[in-house]
Each structure stands twice: as C-alpha cells, then as structure tokens.
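2 protein chains.
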Amino acid sequence: MSRVYNRVALIGLGLIASSIAHAVKWKDLAGEVVGHARSRETRETALEIGLVSEVFETAAEAVKDADLVVLCVPVGAMADVAAEVAPHLAPGATVTDVGSVKQAVIEAVGQHLPEGVHFIPGHPLAGTEHSGPRSGFATLFVNRWWLLTPPEGTDPEAVQRLRSFIEAMGANVDQMEAGHHDLVLAVTSHTPHLIAYTMVGVADHLRRVTHEEVIKYSASGFRDFTRIAASDPTMWRDVFLTNKDATLDILGRFTEELFVLQRAIRMGDGDALFDYFTRTRAIRRGIIEAGQDTDAPDFGRGAPKSDA
Amino acid sequence: MSRVYNRVALIGLGLIASSIAHAVKWKDLAGEVVGHARSRETRETALEIGLVSEVFETAAEAVKDADLVVLCVPVGAMADVAAEVAPHLAPGATVTDVGSVKQAVIEAVGQHLPEGVHFIPGHPLAGTEHSGPRSGFATLFVNRWWLLTPPEGTDPEAVQRLRSFIEAMGANVDQMEAGHHDLVLAVTSHTPHLIAYTMVGVADHLRRVTHEEVIKYSASGFRDFTRIAASDPTMWRDVFLTNKDATLDILGRFTEELFVLQRAIRMGDGDALFDYFTRTRAIRRGIIEAGQDTDAPDFGRGAPKSDA
Chain A
1 MSRVYNRVAL IGLGLIASSI AHAVKWKDLA GEVVGHARSR ETRETALEIG
51 LVSEVFETAA EAVKDADLVV LCVPVGAMAD VAAEVAPHLA PGATVTDVGS
101 VKQAVIEAVG QHLPEGVHFI PGHPLAGTEH SGPRSGFATL FVNRWWLLTP
151 PEGTDPEAVQ RLRSFIEAMG ANVDQMEAGH HDLVLAVTSH TPHLIAYTMV
201 GVADHLRRVT HEEVIKYSAS GFRDFTRIAA SDPTMWRDVF LTNKDATLDI
251 LGRFTEELFV LQRAIRMGDG DALFDYFTRT RAIRRGIIEA GQDTDAPDFG
301 RGAPKSDA
Chain B
1 MSRVYNRVAL IGLGLIASSI AHAVKWKDLA GEVVGHARSR ETRETALEIG
51 LVSEVFETAA EAVKDADLVV LCVPVGAMAD VAAEVAPHLA PGATVTDVGS
101 VKQAVIEAVG QHLPEGVHFI PGHPLAGTEH SGPRSGFATL FVNRWWLLTP
151 PEGTDPEAVQ RLRSFIEAMG ANVDQMEAGH HDLVLAVTSH TPHLIAYTMV
201 GVADHLRRVT HEEVIKYSAS GFRDFTRIAA SDPTMWRDVF LTNKDATLDI
251 LGRFTEELFV LQRAIRMGDG DALFDYFTRT RAIRRGIIEA GQDTDAPDFG
301 RGAPKSDA
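Chains as they are written, first to last, in the UniProt record's numbering: chain A, 1 to 308; chain B, 1 to 308.
Treat the hints with care, as some may be off.
Note: identical chains are not told apart, hence a pair may lie in one copy or across any two.
As the list claims (entries may be wrong) - In silico DSBU-like links for lysine-lysine, alpha-carbon gap of 30 angstroms or less:
{"no.": "1", "residue 1": "Lys25", "residue 2": "Lys216"}
{"no.": "2", "residue 1": "Lys216", "residue 2": "Lys244"}
{"no.": "3", "residue 1": "Lys64", "residue 2": "Lys27"}
{"no.": "4", "residue 1": "Lys244", "residue 2": "Lys27"}
{"no.": "5", "residue 1": "Lys25", "residue 2": "Lys64"}
{"no.": "6", "residue 1": "Lys64", "residue 2": "Lys244"}
{"no.": "7", "residue 1": "Lys27", "residue 2": "Lys216"}
{"no.": "8", "residue 1": "Lys64", "residue 2": "Lys216"}
{"no.": "9", "residue 1": "Lys25", "residue 2": "Lys244"}
I should point out that these hints are in silico values taken from the structure, not numbers from a laboratory.
Small disclaimer: the values here were computed from a predicted structure and weren't measured.
From just these sequences and the hints, can you work out the full model?
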C-alpha cells in the first residue's frame, strides 16, 4: 500500500487512536504518526509501546506540519481542542474526528477551523469495552463501517484521500448527512447503551438479589448487557449530552413499546408476546446475512472444546 | 466416568435436550438415551443424527423403564406432559426439567407425579440463540451454572445422583428455593431479554431509519441485543407468562431507573450520567473475575487477525 499521508497527528491516544496507529503501521499508510494526550502517563505509554514516533505536550504542537489531523477526544472536548489547534494547522491539511455524534462536533469544531483546511467529520463504528493507549489493535476496523459526514461543499479530492486511508485500514466507508447519522446511531448504538447501563444499574441496586448472585448467574443474558455497559463513561456522558434530541426521541419510542409488552405480560396475552418475539428474530438473520456478526453460538463462549 | 443412570428419557428434543444427549455420550453417563418429540420431523432428525437410540411418538412410551426423565419442553407445555407421563413412570425414577421458571413448573408438574418418584426441578443457565435437535453440542454446559430447586423433603440421595450426572457434563450445580430462583432470573435473564426484544422491535418499526441501515450499522451496540432477541419465541412467551410477578417487579424498577437517566439527559446533568456509568463498569469486572466471560474485546468479533 502506498502512503496516503505524510504525517498523521492523533489528538488523544485512547482505544481508537491507538488502533489507528497500529493500523497505519501495519499497512504503511503514512510517513509518520505523531500524537498528543493530555495525561503525561498516556504520552509516556504511547512512546514506550511505539504507538507514535513523537508525542507533544500540547495539541497545538502536535498538529504542526501534519497533513492529516485526527481528533480522538471525547465529543465534549472537541471545541477546546479545535480552538487550540486551529492557528497551527498546515494549509491544505485534512482534519477529521472519530466522535460518536456528528452534528454537535460540526458545531464545536467547524467554527474554529481556518479557510483552506478540509474538515471531514467521521465516525468509526468499532470499539471494545476497553480504553486507553494499550487497548488498541491493528484490526479493530477490519470489516467495520466508518461513516463520514462531510458538509456540503467539502473538497471531493480531500474526501477521496481520507476514504482511501480509512479503507486501507480495512473499514467500509459510507457517507451521510450529519443529522441522519445522529438518528441512525441513536437507534443502533446510543439508546441500546443507555438501556444496558440502566439494566446493569437495576441489578446493582437490587437488595433482595445479592450482587454475587447477579454476577454468578450472568451468563443467562445479563452478561451481554454488562459488556456494553462497561464502555468509557466520559465518552458516553458526552454522547448523551450532545445527541440529546435523537436519544430522547428513541427512548420515548422504547418506553412506549416496552409498556405494550409489559401490558401483554400483565394481561397474559401470550399471542401478542409470541408474535413480537417472532418478528424480532428475523432482524437477527438480516445482521448475520449482512456479515456484521457470525452465526456461531456465543452464550457458551469460553467453554472448552469437547473431545467427542 | 461411570454411568449414573441406566436409561435417560428426554421429553422434547430441542437445543437443551440435544446438548444433554451429546454430553451423555461424550462422558458415557448412561446406558442409553431415548426420546420423544411432538413433531415427526424432529423425531426423524434425532434418529438420523444419532442423538438417541430410540424415539417414541408419545411421551408416555418414552418414559417407560427410564430411571431419569428430563422434561425439555417449554414451560407452558409442562403440565400436559407431566399428566401424560405420570402413570407410566418407573417407581424410584427421577424426574427433572430444564425450564427457565421454577415455581410455575413445580405447580404444573408436581401435582401429577405419583408417590415414589423423585421430582427435582432444574434450570441450566446455558443456551444459544439457536433451537432444534441439530443445535445441541456436548460442551454447552461446561463451566455454566445448573440450578436445582428441590422442594423440601426431596430424597437427598436422588438429588446427589442428579448432581453427579449434571456435574459430569461439566456444569456447576447450585441449589436454591424456587421463588428465589425466579427473582434472580428475572434480574439476570428474563428482564434483559424483554428489553432486548423491545429495542429490536423499536428499531424495526422506525420509519425514518431504514431497516437496511439498522442492520448495516448494528456493530455499534445493537448487535448484541439482536442476538439475545433471536432466542426461541415459544420458550420466552412461556417465561414471561409464568414468571409474571417477578418480571413486572424488575421491569418497574427498570423504567424508574431509565426515567432518572432520561431526565439527566434532558437536563444536561453530565455528572449524574458519568457517575452512573462509572458504577456499572465495576460490575463488568466482577463478571470477568468470576470466570463467566472473558476480557477479550468482542465488538470486533469476526475480524481477521493482523499480520502485524
């Protein structure tokens, strides 16, 4: 793979940034990767494990001479970072981000960037429940979607160059309008995360069921919720604060729907429950066919193979 | 492993029964395994793939001479099956079941069984989103919990014999009171399943987000919900109808809690959100430490390994 950028600057060095760093090295996509993180410990770790060739104490220093700047900080920190780096960006540089919300990032970042810099907001739909500079790995983005929401009038060549970079890391790129992105993600990610956090919170509060029992018997469904609810608290706080309208909209639909099922349970309406559960099963098949999950049974994960 | 029973009769030949059949063969736990399923197709499949040495058209025939009878039918079908097999049970036989709800099964089954038969209700906390006679595998129960809720006065020797059988399949056995079981499972399994079904239903209904997009971008959290919501509709209908009180109790707590978080989003209370999400993260660690899941990142499941 030929190099797509000369110098990539990663602002923030958590899970996504460290995965980008690994992927760039794996595919040789840039001349060099430099970075900045607010915490000294993170900066030292990044150097120690060779994530980047150079780290800087300030984001302003880190972006100098970079032709690609990737903002990998929580959505709530985007505005400050953008204001800080704006005067130091190289003319013609591309600035992108990896935030889970796009309208708020465009408002926060767009206003600060100078003419001649290409701002192409992005969102990789990839992650794990781990965070920090040691959590990244080169294949995080392979076969995952990476959504771009370039505002109207963005230079097509700059977009194409960023797409090549992302696709070379193994991801599939789709472009859409920022508001649509935020609604789609409210359905597929933000509301499911809030619900998972809530269910785990309920289990934690419950006094008649001991904490130990909830953990012991988690394999029966609850475990998958705890995985989702173990994601980075700062990131998720910012997602809900900045994608408020879409999340509240979907939450409203969710509680309506939940009340319908709750009523069916209370009234003993087995037919309604059966029909509902049959419909939702079909969606699962669609996801497997779309290659976004495997059909392999997962609830027995970690069980040793039989010698039968 | 020495054989624990002479003749095991499996009533119902779905995921759990077929996994028991494989595990019994794997560990040589019984002289023979016979079975019954209502559908001719299932019976033919069970013979064809060698799950059982003999299948019977009626449950009554299947239980003859069996010293262990395992009722592997949906909870709602337990009463009829128990009434049918009761006159044909061998004296001293043990009858157990694998239903996800225990109080309702005890009411449904207990009344029919004759004196001299040991009824020991059970519930393996294991499963996948697949069903049917071809979905079973020998290691399904390895390192999973299998809960027993023997009523007071149950013969301790019969309980010990069943425990040995279950433990030989690789499971860990716990005993508890049936009502407590139903509450614990309402928290760790039944309510999470209902919530997952609901969220998948919401996504399916949403008209502004296309069905295709929900499926395409499911890796961002929603995917784990669809896995849970793909489980057998009949089984889950019966769970909610028969564990109604505990499920409604936990659902009430869930919506209360959800409204607290929803209000925090609406009011922009970032501190409340952050604190909540930090607490739930700790529960995840407990589950990993308890050996009920691995710490390996899972959201990138199916991604090929890098050669980096």
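Structure-based check of all given hints:
no. : hint               : verdict
1   : Lys25 with Lys216  : between (41 angstroms within a copy, 28 angstroms between copies)
2   : Lys216 with Lys244 : between (35 angstroms within a copy, 23 angstroms between copies)
3   : Lys64 with Lys27   : within (24 angstroms within a copy, 66 angstroms between copies)
4   : Lys244 with Lys27  : neither (37 angstroms within a copy, 55 angstroms between copies)
5   : Lys25 with Lys64   : within (20 angstroms within a copy, 67 angstroms between copies)
6   : Lys64 with Lys244  : neither (34 angstroms within a copy, 62 angstroms between copies)
7   : Lys27 with Lys216  : between (42 angstroms within a copy, 25 angstroms between copies)
8   : Lys64 with Lys216  : neither (52 angstroms within a copy, 37 angstroms between copies)
9   : Lys25 with Lys244  : neither (37 angstroms within a copy, 55 angstroms between copies)
The structure fails hints 4, 6, 8, 9 (numbered hints given earlier, in ascending order).
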